[in-house]
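Enquirer: Note that the protein sequences, when read in sequence, are chains V and F. With the first letter of the first sequence counted as 1, position 95 gets the number 95 in the numbering used here; the numbers rise by one all the way through. With the first letter of the second sequence counted as 1, position 193 gets the number 193 in the numbering used here; the numbers rise by one all the way through.
Everything labelled a hint here was simulated from the structure, so no lab data went into it. There could be a bad hint or two in this list.
Intra- or inter-copy, both count: the list cannot distinguish identical chains.
[Claimed, not checked] Once the Cα atoms are required to be at most 30 Å apart in a straight line, the calculated BS3-like pairs of lysine-lysine come out as:
| hint | residue 1 | residue 2 |
| --- | --- | --- |
| 1 | Lys259 | Lys223 |
| 2 | Lys255 | Lys223 |
| 3 | Lys93 | Lys255 |
| 4 | Lys121 | Lys255 |
| 5 | Lys223 | Lys121 |
A quick note: this is a predicted structure, and the numbers were derived from the prediction, not measured.
Number of protein chains: 2
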Amino acid sequence: MFRTGPRNLITDVAGLSVGNADDARLKSGVTVVLCEEPAVAGVQVLGGAPGTRETDLLEPQNSIEAIHAVVLSGGSAFGLDAASGVQAALREKNIGVEVGGFRVSIVPAAILFDLRNGGDKDWGRYPPYRELGYAAVQAATAGFPIGTVGAGTGALTFGLKGGLGSASTVLDSGVTIGALAAVNPTGSVTVGRSRHFWAAPFEIGDEFGGLGYPDPMPEDARKILLKYRDRHVGTQAEGGSTTIAVIATDAVLTKAAAKRLAIAAHDGFARAVWPTHTPADGDLVFALATGSSGIELSADAAIDLYAAAGATMARTISRGVYAATPAEGDLFPVWSSR
Amino acid sequence: MFRTGPRNLITDVAGLSVGNADDARLKSGVTVVLCEEPAVAGVQVLGGAPGTRETDLLEPQNSIEAIHAVVLSGGSAFGLDAASGVQAALREKNIGVEVGGFRVSIVPAAILFDLRNGGDKDWGRYPPYRELGYAAVQAATAGFPIGTVGAGTGALTFGLKGGLGSASTVLDSGVTIGALAAVNPTGSVTVGRSRHFWAAPFEIGDEFGGLGYPDPMPEDARKILLKYRDRHVGTQAEGGSTTIAVIATDAVLTKAAAKRLAIAAHDGFARAVWPTHTPADGDLVFALATGSSGIELSADAAIDLYAAAGATMARTISRGVYAATPAEGDLFPVWSSR
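Pulled out of the complex, with its shape left as it was, chain V reads as follows:
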């Protein structure tokens, strides 16, 4: 029931491409998911410190049914500019919903907090995120890299660098589900300080190291290990975190079902990060349903889809940390050096 798509990336969902743009000195960046055709979409916010744009229109009772792109960005609230850059790039391609003779691109966006990661944030009047958003659209491709790229460039977790993760699952129904996450939680993705990922039971092959669980569980497994508490960069209250993600499928879903898919994917956060959904994390999930498979799921098969959403998200989060690479001025080491 759980096998990966050919790339083990969100782009295994046909009709999606992903572009990254980032700046090593800034220690931050932008990731965009482009929808070849407008995709039915939803969102669920469960963290306590979200930063978002165009999320209200995603509620099932609101009018817009489908969207053109989703943006994940570093930069805290300044990073919301990235969506403006994506809109500019989409306008040049004449992509948008027609409203009174104009084409308006619908580009929901969310940010993570990476201001305290040691990068140069002294950008003056114009934050760089608008231009990074524009550049990310130009870079969009099916075979994008993960790790220290795009919105995951400056991401940190408890004791380890975070990163951009992605994974996919092909279900018995023929439906593909894929996930993308910029992984920057205040909590830990590993069991205590071990090399073992919390999401180990859901790992396919050795996609994030293949280590399984430690046996016995270490003493610090259930200890509440927090990023800024560990590093003593001020107090936890002063420092945001946040994991922002996209779950996507080629199944045919209603807008309400897309919201349920976003809810289901949050269980992957809980399986991959401890603790998660805290007041310092603006954790949220966007859901995209391209419908490109043409498959409408029975109520029973839909439960499998939602379950796979959680499992795929848990793997995605782990893969983001697993793939991180070192860079100058890093506050935390990468997983591969632990």
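On the provided structure of chain V, position chain F as indicated by the hints.
Expert: Just chain F now, with coordinates in the frame of chain V:
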């Protein structure tokens, strides 16, 4: 950081008592949490099939700040009558918020689906839940039993009987947090068909068997095992499930913080049940803050509280299944016989 309160029950939060009433022939029942003083409250619904009463007033922007009791009931939507019985009992005690010279008791309630569990549901015009609710108030005590009692009487999970669970945690800050759950999910609380609970990393002592995780993980660990799919009682789509729960603390919380506590406790569902929050589960958590400790938490200490909410809920869910006892006509065996 993780030790239990003296009873390892939600009633370790001072000012709360719990009453159960149930009927073996009905294979169902009611559990009530009574608040000695009105408690600040919140709710978060994440399952797809909720059945509720008085949840809208719990939103932070609405007027009622504190409530008098919470009801968990079997009986699907018919079980919402239980709250009426609780209100009748509270009126006799003159408990309620004064509105224009009247005392109105505020009693949010949620139900789980146990109609297909083999009990006698042929109750005619008057469902028995109103009287069970009244009886549950009379039975309220600090030292209540868990397992096959109250709202957990007819509960089922994948392959095992469910039940009523409870647990508590005392934090370093001196704050106590407790949880209560009627555990009736469509998914599995054990790793595949093993005896090992998913929540094992959070277990304190041997409160649910002390078995830890299986090593290696069994082949079916990540298989999507569903209650009605396993038993072939019709199709999954036809059968509801639902885990309904209460998380409580003696910390001083705002109404908004109580909602965040409810959100945080849902991570315990994800850690204890796979899959959870499905369209067939009306999973929800009520949060109660009695303020009886007088302790107001810093932003940093609040993160510990929310993390402990998830851990305590995961233990509570496992303890409900662990404590289930066999009864005539059961569709599923109890954990202790596996």
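Enquirer: For each hint, tell me whether it holds in the structure or not.
Expert: Tested hints:
no.	hint	result
1	Lys259 with Lys223	between (32 Å within a copy, 24 Å between copies)
2	Lys255 with Lys223	between (39 Å within a copy, 27 Å between copies)
3	Lys93 with Lys255	within (26 Å within a copy, 47 Å between copies)
4	Lys121 with Lys255	neither (38 Å within a copy, 36 Å between copies)
5	Lys223 with Lys121	neither (33 Å within a copy, 46 Å between copies)
Consistency note: the structure conflicts with the earlier hints numbered 4, 5.
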